[in-house]
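Using our numbering, read the sequence shown as starting at 6 and increasing by one per residue.
FYI, nobody ran anything at the bench for these hints, they're computed from the structure.
Since this is a predicted model, take the numbers as computed values, not measurements.
For each residue, glycine too, the CB sits at the ideal point set by N, CA and C.
There could be a bad hint or two in this list.
[As the list claims (entries may be wrong)] Straight line, CA to CA, 25 Å or less: simulated PhoX-like cross-link-like pairs of lysine-lysine: (1) K123 - K87; (2) K77 - K61; (3) K26 - K8; (4) K112 - K90; (5) K90 - K123; (6) K123 - K77; (7) K90 - K103; (8) K123 - K112; (9) K72 - K90.
[To be verified] Ranges of calculated distance between the beta carbons of each label pair, as one might list FRET restraints: (10) Q79 - V115: 22 to 28 Å; (11) A84 - D49: 18 to 24 Å; (12) R52 - A84: 36 to 42 Å.
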Amino acid sequence: MSKNLQNSVLLDLYGCLLTDKQNEIMDLYYNDDLSLGEIAAQLDISRQGVHDAIKKCETAMADYEEKLGLLKQQEAYLAELKEFKAQAMDVFNECKKKNYARDIAEKVIVLLENLDSKLDEFDNAEYTEEE
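Could you build the full structure based on these sequences and the hints that come with them?
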């Protein structure tokens, strides 16, 4: 995951732990893609102040992730869902080969639809990255 994408995800997860001002600066920088100068002008602070705030927030969010591990847990959950879907697809493909397994195949289709729904929740999130 790129550093900018990772910081954007960390902001989504841990932004509520930052001050309102820090959260605003980080949101403008990572989500609105404003430059340091643009943020400084908008908030009437120095460019260096914006830079320092961003670095401080990045460090704080990395510390939160190290201690709480929410992003790591989320990534592990997504990996498990994808593996489960792959296994279900294998079962479905095997069932299609055998006439007596049509009822099983239909149940696997329902399972796959449920898995797709869960995976779509991750895919529709702004911060996921395709592999």
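So, going through the hints one by one against the coordinates:
1. This hinted pair checks out: K123 and K87 have alpha carbons roughly 10 Å apart, not beyond 25 Å.
2. Proposed proximity of K77 and K61 is supported: the alpha carbons are some 21 Å apart, at most 25 Å.
3. Only pairs whose Cα atoms come within 25 Å are accepted, and K26 paired with K8 is accepted, the gap being roughly 22 Å.
4. Distance hint between K112 and K90 is fulfilled; the C-alpha atoms sit about 13 Å from each other, no more than 25 Å.
5. For a cut-off of 25 Å, the pair hint linking K90 to K123 stands: about 10 Å separates their Cα positions.
6. With a C-alpha separation of about 18 Å, the suggested pairing of K123 with K77 holds against the 25 Å cut-off.
7. Of the pairs offered as hints, the one joining K90 and K103 holds, with about 20 Å between alpha carbons and a cut-off of 25 Å not exceeded.
8. With a CA separation close to 17 Å, the supplied pair K123 and K112 stays within the 25 Å bound.
9. Proximity of K72 to K90 is assessed by CA-CA distance (about 30 Å); at most 25 Å being required, the pair is judged violated.
10. As the Cβ distance of Q79 to V115 is approximately 25 Å, the hint placing it in 22 to 28 Å holds.
11. Distance hint check for A84 and D49: the Cβ-Cβ separation is about 44 Å, which falls outside the suggested range of 18 to 24 Å.
12. For R52 and A84, the hinted distance range of 36 to 42 Å is satisfied, since their beta carbons lie about 40 Å from each other.
Going down the numbered hints, you'll see the structure goes against 9, 11, while the others check out.
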